[in-house]
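Each chain is listed here by its residues.
Protein chains: 2
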Amino acid sequence: MPFLKRVFRKKDEFGLTLERIIGFYPHQISIYQQAFLHKSLTQNNQLKSFESNERLEFLGDAILDSIISHYLFNKFPKKDEGYLTMLRSRLVSRQTLNNLGVKIGLQELIKSNLDRASKSIYGDALEALIGAIYLDKGYGFAQKFVEEKLLQNHIDIDEVMQTETDFKSRVIEWCQKEKLSFDFEITEQEEKNEKLYTAVLLVNKEFKGKGIAFTKKKAEQLAAEQYYNKKSL
Amino acid sequence: MPFLKRVFRKKDEFGLTLERIIGFYPHQISIYQQAFLHKSLTQNNQLKSFESNERLEFLGDAILDSIISHYLFNKFPKKDEGYLTMLRSRLVSRQTLNNLGVKIGLQELIKSNLDRASKSIYGDALEALIGAIYLDKGYGFAQKFVEEKLLQNHIDIDEVMQTETDFKSRVIEWCQKEKLSFDFEITEQEEKNEKLYTAVLLVNKEFKGKGIAFTKKKAEQLAAEQYYNKKSL
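Sequences listed follow chains L and E, in order.
Residue numbering for the first sequence follows my numbering, starting at 22 and increasing by one per position.
Residue numbering for the second sequence follows my numbering, starting at 22 and increasing by one per position.
Please note that the accuracy of each hint is not assured.
[Claimed, not checked] One side of the interface only, derived from the structure: several residues of chain E facing chain L at Cβ under 10 Å:
1) Lys96
2) Pro98
3) Ala234
4) Thr236
[Claimed, not checked] Chain L side only, calculated, beta carbon under 7 Å to chain E, not exhaustive:
5) Ile42
6) Asp86
7) Ser90
8) Tyr92
9) Phe94
10) Asn95
11) Lys99
12) Asp101
13) Glu102
14) Leu105
15) Ile178
For the record, the hints were derived by calculation from the structure and aren't laboratory data.
Every residue, glycine too, gets a C-beta built ideally from N, C-alpha and C.
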């Protein structure tokens, strides 16, 4: 593949940088190269759509979810599924992944056609990298990478647990600052003799987030949290 | 645990039934027992909330997503991420999982306090079972179970690919039959110089599904599909 050879000219340098980041020298190096090819490279036919890192991101996203789920399952043996789901969504939020991608230095490896990269490029590449490690070395290696290189080094789980959860207030403050209208629309339904509330967050009348819960307050918080995580407010 | 001993009195029978379903004799049998304890058993304090199958369902859901993602990644090497995501969402839809749970015979093993079980109890137990296999025997075994016992035996992937995708029409027909009002609310936003549409499906003015896409039509289809999969229409 002449294009790949050109962008990753110094092959050893790529492998060594990667080794510094992931903790081992990659075996099938071309899989890792693909993990850093942003979809913007497909614009002028340098790449076909299936050659960018989006397929690996699709795979890595699912693998990461599994690894985090198992980690939380073991760490909190007496917490119910709702609590685990809440913690997982924080650990794999776009904001967390984007920050992690930069912290471990992925910006040195990413190839794109963008003049100015959006933050999500780093989170996406991190997911693609996890997909590449999984394909190259298997599930156990991917798990080791996530637990040792990401969670242990860069995530304070106690801090994540105690993160201020008043997302509604944050969203409202932000909307007021930006002079945007906002509204939480609540609807209710009966589900096995219990009332279930759906809150839909509208910002400038556009749908921005949704939450479903057994209390109105919680549903609003979830809708606000969804928007908060997407926007990295 | 006296409660567990009571509900799974015939321990050998449980293990043998399970062996017939999963293809091997379980090692840590108590994990599998938990996979079949429906949360309704927590109602009169027979179980604590973390002792029902919901935690295993949380884990198994993520493991299943990974396994299906890898399967599709390999099976369709030239398809982009959007196509893989669409196929995955069909393969792991509530409807598919509920049907699979019944097809492989999980109803023989599930313990609940319900007089009449809702369909989702089977899909949930199937996810919990995948979580149990993963914990008991590791990722490779869970992968083998999903690929050989579920996909090969019970899923026609060509049929899934060709499934009629006009979810909007199906939802509309169903609403008309049930005499419910319905509405697709479309909002648009600019994203990197492209228009992105969000469709929100309201049935009897209640939020029922959401889709985001680069065309209005696709966004509506996705919103309808979300509702379709949840409802098993």
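Structure-based check of all given hints:
1. For Lys96/E, the suggested interface contact is broken, since its CB lies about 12 Å from the closest CB of chain L, more than 10 Å.
2. For the restraint placing Pro98/E at the interface with chain L, the shortest Cβ-Cβ distance is roughly 7 Å, inside the 10 Å limit, so the hint holds.
3. Restraint check, Ala234/E versus chain L: the minimum CB separation of about 13 Å is more than 10 Å; hint violated.
4. The criterion of a C-beta within 10 Å of any C-beta in chain L is not met by Thr236/E, whose closest approach is roughly 17 Å, and the hint is violated.
5. With a cut of 7 Å, the hint placing Ile42/L at the interface with chain E is violated, because the nearest CB-to-CB distance is about 22 Å.
6. With its C-beta approaching chain E no nearer than about 5 Å, Asp86/L sits inside the 7 Å limit, and its interface hint holds.
7. Checking Ser90/L against chain E by beta carbon gives a least distance of about 4 Å; that is within 7 Å, so the hint holds.
8. The interface hint given for Tyr92/L is broken, as the beta carbon of that residue sits about 10 Å from the closest beta carbon of chain E, more than 7 Å.
9. The interface hint given for Phe94/L holds, since its Cβ lies 5 Å from the closest Cβ of chain E, which is under the 7 Å cut-off.
10. Residue-level restraint check for Asn95/L is violated (minimum Cβ-Cβ distance to chain E is 9 Å; threshold 7 Å).
11. A least Cβ separation of about 5 Å between Lys99/L and chain E falls short of the 7 Å threshold, and the interface hint therefore holds.
12. This hint holds: Asp101/L has a C-beta 5 Å from the nearest C-beta of chain E, less than the 7 Å allowed.
13. A least Cβ separation of about 4 Å between Glu102/L and chain E falls short of the 7 Å threshold, and the interface hint therefore holds.
14. The interface hint given for Leu105/L is met, as the beta carbon of that residue sits about 5 Å from the closest beta carbon of chain E, less than 7 Å.
15. Hint status for Ile178/L: violated, given a least beta-carbon distance of 17 Å to chain E, over 7 Å.
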